[in-house]
Amino acid sequence: MTDPDRKFAALITSRICHDLISPIGAINNGLELMALAGAREGPELSLVSQSAAAADARVRLFRLAFGQTTGEEPVSAADMRSILGGVYHGPQQAEWHIEEPLPRKIAQACLLAMMCAADSIPAQGLLLAEGNGAAVRITAQGTHPQHTQALWDLLDGRPAPPELSPSKVQFALLPALLAEIGRHASHSPTGNGVRIEF
Numbered sequence: 001m002t003d004p005d006r007k008f009a010a011l012i013t014s015r016i017c018h019d020l021i022s023p024i025g026a027i028n029n030g031l032e033l034m035a036l037a038g039a040r041e042g043p044e045l046s047l048v049s050q051s052a053a054a055a056d057a058r059v060r061l062f063r064l065a066f067g068q069t070t071g072e073e074p075v076s077a078a079d080m081r082s083i084l085g086g087v088y089h090g091p092q093q094a095e096w097h098i099e100e101p102l103p104r105k106i107a108q109a110c111l112l113a114m115m116c117a118a119d120s121i122p123a124q125g126l127l128l129a130e131g132n133g134a135a136v137r138i139t140a141q142g143t144h145p146q147h148t149q150a151l152w153d154l155l156d157g158r159p160a161p162p163e164l165s166p167s168k169v170q171f172a173l174l175p176a177l178l179a180e181i182g183r184h185a186s187h188s189p190t191g192n193g194v195r196i197e198f
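Everything in the sequence shown is counted per the working numbering, starting at 1 for the first residue and increasing by one.
Fair warning: there could be bad hints in the mix.
To be verified - Here are the computed lysine-lysine pairs in the DSBU-like style, where the Cα-Cα straight-line distance is at most 30 Å:
#1 Lys7 / Lys168
#2 Lys105 / Lys168
#3 Lys105 / Lys7
What the hints contain is simulated information worked out from the structure, not anything from laboratory work.
Please model the complete structure; the sequences and the hints are all you need to start from.
Right, dumping it as structure tokens:
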């Protein structure tokens with residue numbers, strides 16, 4: 001993926017996330033007002049609340065992982081835990097063990113790497129982020145791991161095929177982003193998942 005293509009895709013993502021976050025926030029605010037007014041939380045209201053929270057978490061993840069990274073304001077460990085906890089709280093869990101705030105592009109690369117790693121444990125498992133801003137290690141540990149070599153070859157610089165699925169676009173974006181900041185991802189399958197370092 002060329003740098004202009006990646007930047008244009010980031011602009012589109014940022015625009016979509018910007019336009020979605022307001023109505024999702026309005027739904028959450030409406031649910032809070034209903035609760036304050038004494039509305040009974042039956043299964044219907046609970047479903048709407050859970051769905052709105054899931055949508056909000058996804059938009060926050062997509063905005064940082066795929067959106068435009070402007071400015072140098074670092075991303076805190078609390079923000080990363082909040083984003084990951086909102087998305088990975090079912091069969092797939094995520095733990096963030098990098099305590100220092102990260103530059104936005106490093107945080108973006110971490111999320112893309114975690115999404116790549118999650119692809120290797122589709123059934124269930126644990127994603128771990130460890131290290132610091134200078135050296136990051138992402139691991140995935142789970143049951144029934146899968147390793148599609150053609151996807152992982154993209155991290156080594158192979159061009160993305162035209163038929164690349166939208167759900168796998170992180171494999172094409174991660175190496176382009178890392179090249180922009182002068183890094184390269186090393187990766188290797190493990191007995192129960194995968195390890196990515198950069």
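Here's how the hints hold up against the structure:
In summary, the hint linking Lys7 to Lys168 is supported, as the alpha carbons are separated by about 18 Å, within the 30 Å threshold. As the CA atoms of Lys105 and Lys168 are separated by approximately 19 Å, the hinted pair is consistent with the 30 Å bound. Only pairs whose Cα atoms come within 30 Å are accepted, and Lys105 paired with Lys7 is accepted, the gap being roughly 13 Å.
Consistency note: the structure conflicts with none of the earlier hints.
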